[in-house]
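Student: For reference, the chains in residue letters:
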Amino acid sequence: MSDSLIELRNISKFYGNIIALTGVSTTVNPGEVTCVLGDNGAGKSTFIKILAGVHQHDEGELLLEGEEVKFSSPRAALAAGIATVYQDLAMVPLMSVWRNFFLGAEPTRGFGPFRQIDIEKAKQIAKEQLAEMGIDIRDTEQPVGTLSGGERQSVAIARASYFGARVLILDEPTSALGVKQSGVVLRRIVEARDRGLAVIFITHNPNHAYPVGDRFVILNRGHSMGNFAKEDISQAELTQMMAGGAELEALQHELATH
Amino acid sequence: MTSEFVGLDANPDEQEQTIASILTADSSIDAVLGVGPNLPLRALDAAESAGRTLHIGGFDLSSDLISAIEAGDIAFTVDQQQYLQGYIPVILMHLQATNQNTAGGGLPILTGPGFVTPDNAAEVAALVSAGTR
Amino acid sequence: MAADTAGGADERLAYRGPIQQLLTRPEIGALLGLAGVWLLFWLTSEAFGTAGGTANFLDVAALLGIMAVPVALLMIGGEFDLSSGAMTGATAIFVILMSREVGELGGAGFSLHLAVPLSLCFALAIGWFNGTLVERTSLPSFIVTLGTFFILIGAKLGFGKLFTNKVIVEGLDEAQGYEFWDDIFGAEWIRNQHIWDGRDWAWAGLLVLAGVALLLGLLEMSYTRRPDPPPWAAAGSFIGAVAVPLFGFVMLLTTDGTAANWLWGAVIAAGTLAGVSIWCSSRYERVQQRRTAPDNRTMRMIGIGVGAVVVAVVLALVMDATNSDQLGFLGGGLGRAIFAIGIAGTGVLAALAATGHVRSSAPVIGVVVALLPAISFMMTVQAARALLFGGLAVAGVVALMLVAARTGLSLWLPMATAAIVAVAAFVVQAESESRKLRVELFSVLLLIALALAATAAARALAQRRSTAVPVPQMGLWPRVAAAAGGAAAVVFAVIELIDGDGLLYALSTGVAKGGAIALGIFALGTFYRLLFSSDEGMGRPLVTVGLAAAGLALAVKLMFITTLEEEATQAVTRFRVSVLFYLLFAAIGAWVLAKTRFGSWTFAVGGNKDAARSVGVPAARTKTTLFMLVSVCAWVAGMLIAFRLNSVQANVGDGNEFRYIIVAVVGGNLLTGGYGSAIGAGIGALIWGMISQGIGFARWNTDWRFLVLGGLLVVAVIVNNYVRQRAERSQAARGDPDDDEPPGGDADAADESVSAGAEP
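Keeping their order, the protein sequence lines are chains A, B and C. FYI, the numbering for the first sequence is 1434 to 1691, going by the working numbering. FYI, the numbering for the second sequence is 6 to 138, going by the working numbering. FYI, the numbering for the third sequence is -8 to 751, going by the working numbering.
Quick caveat, the hints were computed from the structure, so don't treat them as lab data. Glycine included, every Cβ here is placed at the ideal spot set by N, Cα and C. Some hints could be false.
[Stated by the list, open to error] List time: in silico DSSO-like cross-link candidates among lysine-lysine, alpha-carbon distance up to 27 Å: (1) K1663/A <-> K1613/A; (2) K1560/A <-> K586/C; (3) K1503/A <-> K1560/A; (4) K504/C <-> K586/C; (5) K548/C <-> K504/C; (6) K504/C <-> K1554/A; (7) K1556/A <-> K586/C.
[Claimed, not checked] Estimated spans, in silico, between C-beta atoms of each pair: (8) P94/B <-> E558/C: 43 to 51 Å; (9) L97/B <-> V708/C: 55 to 63 Å; (10) I579/C <-> R1542/A: 12 to 20 Å.
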């Protein structure tokens, strides 16, 4: 087990006397997609924030390449190669694609007061990187605001992977998207996985998670409902578990009696 | 003889250039009266840009205005003598209260207007920079 | 709209022509406004378009622009600085108080060598204070800087009175070190002292260079190059396009003025048209003919266009160009009745619009009716004439050109338009009393006709580009140009310094001369590459050369006077150093925004601060730097005011902060941040200067100026909004580069992209 990129052992997090997360274990490997499923309030965002360095866990162990770590800040997590693409995307809609791609890490040329962005290089890299992910942006000069939701997610993913991420955390990337757009994002997830990245895919939609996931962690009200490899669980079981089995059956029963 | 009132902006550069533009557009203007101590100086600069020699007058005093009057570039300024306007009423009241003096014989006591022209400019120059005139 | 929904059949970037590219710039609205305002006052007033008039409005624009540029940057960064106006006066008063020694409490008595840098530190401190307070407290900058504004106003008056006992702080020229600093902040270029009899030749030569470079650049950008251009093409067309018109131009200049000799005008036209035709047919792919027969609508548009131009010319001839009396045709009972009807109509229409019975824009009709009597008194005869002539002529030509574009590539319509314009020019020239109409308008109309005819010929011959071509590496040329220009700049600057001219004068003269040399070499290289290499994509360098040459021509014309002119005039035309700072700051602002990391971060913190922060942009530092940038520019403005006026009243600059913001908005900057342009702010300042001074030149009543400026602001914001939406739409639309196709399948995509763009 120690050759996993990230391993979580019984991670717990308390806010005062509120149990946000308790007893979560899973492993994250390069070239695998680990799906974290759960309904609203299940503890998904706490889970992300621990990995992204926003919060620190209170119990359990977080192992990075076999060594125990605790990320003190988002910057520390980023330095360890863990990049997070949040739901709201961290993009500036009125700025062009290439400026967004390189924002905060622009390549420069020249010296002293004459230092300026190497625009040609930046555009070229942005276009190449996006093309490598299978996104053909017509013009990297166009504002991000004119892209579709799926394209924006794709740009954010490409940016994270270009800047040296080994682990990519995607926070509900498909929740605000239509069926087709969601398909695009799922394809990106598979492409990132195929390039050797470890992907952590947070979602509440088992239909999105099952086709791309290699491993599933199911959260319910802060408790881990289990950590399954794909071969151990079917899509129906996954849906069932996620919604809290019995409740769903009750609902089906109720609807059927009408 | 006709006169026209022109409302000007608060910015000194715009004041000067607006006067200049009007002078350029209308060659029949031969005198400018600036309200306040600054506008006559702006009008003087404007007259130079427009290539005109004008009769320029103003109101109130400032060191720069006095220098321009001394040099003969500006014809006169109307001196309200604000110092008197503030000083005389107070001293009269004081004298009446303490000494039962009355002055002016029931008629207004005029505090002006005084005129500063090239003839008397040199005399008031020092008083202006001291802030009493 | 999205690449993935459309099946991805053609992902190629649709090529946008030079005009479409220009239309997507944020400052395009301001640029059009600038042209319109200049045209209006140029037509209305005799003096407005002269060097003296230009110096006049440039002076006002410069002090405004120096502040509007950093205020625009700050606005793009999502903040406001309400203390910026008061800060200009504060630094001016500060430097005088520091340098004067009057009486017991009278200032510090420092030398200006200490006082001036000290005032810069003072300004930097205020900027830092503003920025840090906004960042630390997360309060709106509106509130924080409003506080600073009142603190500064109070301090100016309080300290001024405390030290000098007066509301005017006086006597900068008595301070130590005055000469040195006056050479920098009080410098001026007095045109009358710079006589150059070769000026008109330099001006004409540069104009020809600009015209040729711009025309070739636009052709190069618009049309597809043929793989095997015949070798005779370059020589033949060059003789046509350059030599013949140049000969005609020289003949015009050596005879009696620019306009009167129609023979040489015809030679120029024939040469240019022949040159363009040979060039296009030999260098570019042949056009595939597609012609559509004119339908009724087309014919009607043609009728309207021709009619508008004819009416414009008749009006220009009938109405008196020199009459500055009020129009006043709607006075008395009739005027009052129309006003009442207009107001009542507005009210009724507004009520109907609110209840949804008529369109929401209907009340505008009532407002216009109500304003008619007022306009009739505001307008002079000459202003009305200018408006009617300019508006109708432009509308007519635009209508004709639109029809020409719609009917495909038929040659006769644009050529006929050009002919109409040319005839109009001759009519105006023959009949008019005023020199402006006879000479200047004549030349301009002829030039327009020539440009129309040339583009029509090119369109009829050459195939439009469909793909973008990258600008080729220019190799050694730019480096040689930069090296030679730089060396020349140093040499000239040193020569001037040795001659004992001030530091600033020496520096700027050196840079100007070096720049001219660099431009010459670069232009040579560009033309060499254009003619003797197989490079494509030379359009951009050519346009650069053309614009630079045009700018230089303008500068030459404005800065130098000929002996003849000098003897004929009493007026003194002076350009103050503020103009230099204004141009410099606008250029630096544009460069910073477009090319540097700081510029990118400025857009980012204004567009989405949290996003910027989360990817590692130092948001707090960026904003504080922006505030300090504003205060540094306020310091420059303050020094310019102090050295210009010598004595500064306590309230100088107060209230200008809103003017800076207005000017920035007029220039295409978004009030909510994240979008805008520094050059736009500079143009906005120029528009302000032109209007506020043009009113004086036109002898309109100055009481109306705020009404005009307020109207300008509203129009500018509407136009900018429209242009921005259009820009985003055209960037989102795929496929056909022509924007004027009816809304069909793309409509949804366009709407979606607009709403996406407006998200922050």
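Student: It remains to establish, for every hint, whether it holds in the given structure.
Tutor: To see whether the hints hold, each was checked on the structure:
no.	hint	verdict
1	K1663/A <-> K1613/A	holds, 24 Å
2	K1560/A <-> K586/C	holds, 19 Å
3	K1503/A <-> K1560/A	violated, 36 Å
4	K504/C <-> K586/C	holds, 26 Å
5	K548/C <-> K504/C	holds, 15 Å
6	K504/C <-> K1554/A	violated, 33 Å
7	K1556/A <-> K586/C	holds, 13 Å
8	P94/B <-> E558/C: 43 to 51 Å	violated, 59 Å
9	L97/B <-> V708/C: 55 to 63 Å	holds, 58 Å
10	I579/C <-> R1542/A: 12 to 20 Å	holds, 18 Å
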